[in-house]
Each structure stands twice: as structure tokens, then as C-alpha cells.
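Chain residues, written in single-letter form:
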Amino acid sequence: MYRTFRTPLLWRELDRLQQDMNRLMGDFYPSRLQAAPGYPAVNVWMNDDRQIVTAELPGFHPDDLDIRVDGRDLTISGSRQLADLPEGSRYHRQERSMGKFTRKFTLPYSVKVDAVEAAFKNGVLYLSLPRSEADKPKKITVKS
Amino acid sequence: MTTESKAIEAQEQEMVPDSETERTRERICLVPRADIYETDENISVTLDMPGVSEESIDITLEKNVLTINGYSDIDVPEGYSLAMAEYEIGDYERSFRLTDRIDQDGIEAVYTDGVLHLTLPKAEGAKVRKISIKAG
Chain A
1 MYRTFRTPLL
11 WRELDRLQQD
21 MNRLMGDFYP
31 SRLQAAPGYP
41 AVNVWMNDDR
51 QIVTAELPGF
61 HPDDLDIRVD
71 GRDLTISGSR
81 QLADLPEGSR
91 YHRQERSMGK
101 FTRKFTLPYS
111 VKVDAVEAAF
121 KNGVLYLSLP
131 RSEADKPKKI
141 TVKS
Chain B
1 MTTESKAIEA
11 QEQEMVPDSE
21 TERTRERICL
31 VPRADIYETD
41 ENISVTLDMP
51 GVSEESIDIT
61 LEKNVLTING
71 YSDIDVPEGY
81 SLAMAEYEIG
91 DYERSFRLTD
101 RIDQDGIEAV
111 YTDGVLHLTL
121 PKAEGAKVRK
131 ISIKAG
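Protein chains in written order, with our numbering: chain A, 1 to 144; chain B, 1 to 136.
It is worth saying that the hints were derived from the structure and are not from the lab.
Hints are not guaranteed to be accurate.
[To be verified] Just so you have them, the derived chain B footprint on chain A, three or more residues with Cβ under 8 Å: (1) 38-47; (2) 51-58; (3) 86-96; (4) 115-124.
[Claimed, not checked] Beyond 10 Å from chain A on every Cβ pair, some chain B residues (computed): (5) Arg25; (6) Glu26; (7) Val65; (8) Asn69; (9) Gln104; (10) Gly106; (11) Glu108; (12) Pro121; (13) Ala123; (14) Gly125; (15) Lys130; (16) Ala135; (17) Gly136.
Cβ coordinates follow ideal geometry from the N, Cα and C atoms, glycine included.
With the hints as constraints, model all of the structure from the sequences given.
This is the structure we're talking about:
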């Protein structure tokens, strides 16, 4: 009787301890996210043939963005302006930033420039950068 | 009106603090950055909410608490591995307590290029009335 009563409680206690430990370790290890050294923050996706660069650029119009690719260099620049406020308005909060930015990246391989695709949807920029044929690894067959 | 705006720079993403109730969606929840300004007629709220679609934004006003929810529908590209990550993709949630009474029927919301703009007209009673002082 004693045993059947005690065991589940003990296990529950151990489970709780394990959960606490997991939480503690989770806080301790830094997240996989890197701090962006400039604006905008980007995410880069890669496979053998192509790179996808995405950036959150809310409030920018596609016409205000300038994207340049030259060999292995990618430059994104743009600007967004504060909307004209009506006369006599006053700010309660101002957290959104405005102005110009430029950010340069060096890609791990050179890009087929004429095949680059750019899309802008809901304030997110998508760049698809295919690897140039000359830069792709070649398979070398060994002659016997 | 001339206002000095914040220079554009890398800003850290802020997450909605953990509460007792858990979210049903697995995505993380971010606090969208906001500008709020007031005129004699309106309160305007502008929020940066990139990556959500117009249909997935919920705006509720209940007892002077304005709550904005946005659900992100971005998926990771298939067949690619993440080489560098500087920002998180998540849903958005933020609430504001409004001090003025709002004309609920007159609320307007526009979402363009990742920015949500709300115009909340003040109710008749809450508008500023100019009181002229008579010379005695």
C-alpha cells in the first residue's frame, strides 16, 4: 500500500525536476540566431545550386529598394520616409525607424546575374540567387 | 509638424513574454514595433508586421483594449538548408489600452507592404472642445 502510493509521486517529482533542468539549460545556451550587424536582418537559405536571401523590409515600396549583384557581391539599399502627419498631431510612441540603409554581403559563390529573381510580398524581400555554371563543382572522372 | 525620426538600424526582435496560458501554434510570437500619434479627431496606430497576409490579421477592441494579432504564413523553402539566420519568423501580438473613447464603427485599417495602419476616430464626447472664456 505504501509503495503503490509513494512511487507515482516520486516519479512526478522527478519529471518536474527534469522539466526545470531543461528550462534552465534552455536559457543558458545562446539561441542559434546571430545578431544582425546592420539593417536589414537577413536569413540565408542554401543548396548546391542556389541561395535564397530573405529580409523583412516593412514599409518599403519595391521602387525604393535597390538590389545589386556583382560576381560574389550583393548590395541591398533603400529608404523609407515618415508619413506626413496631419497638423497638430502629437506622438505617443515612436518605435519604428526611418531613413536610408545599405548593406553589403559577400556570397560564398559567384552568381548567374541575369537569372537572379527578386520578389517583394507583404514587406518581405525574397532574392533567389542561382550559382553560376562556371562556379559549380565539376565531377572529375579518374581514368584507369 | 516636424518630427525627428529614429535612424534606421538593426533592432532586436522582441518576443511576447511567456504567460501562464500556452499558445496553440508552434510559432514564436513577436511584438510588432509601433508608432502612435494623436490628433484632435483620431488616434493613429502604425505597426510593422512583415510576413503576414491581410486576411490573417485580427483587430479587436474590447473595453478600451485594442488587440492586434497577425498570423504568419511563411514557410521555409523546401530543399534548402539554413546558412545564416538573423531574424525569427513568427506571429505578432500586441495590445494597447486606449485612454479616449473610440467610435467603434469608424475604425479603419489598411495593410500595405507589411505595415498595418489603424485610424481610430474619437467618440463625440471624447473630442477636444474649445472653451472660450468670456471677459467679465
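* Asked: Where does the structure disagree with the numbered hints, that is, which hint numbers, in rising order?
  -> none
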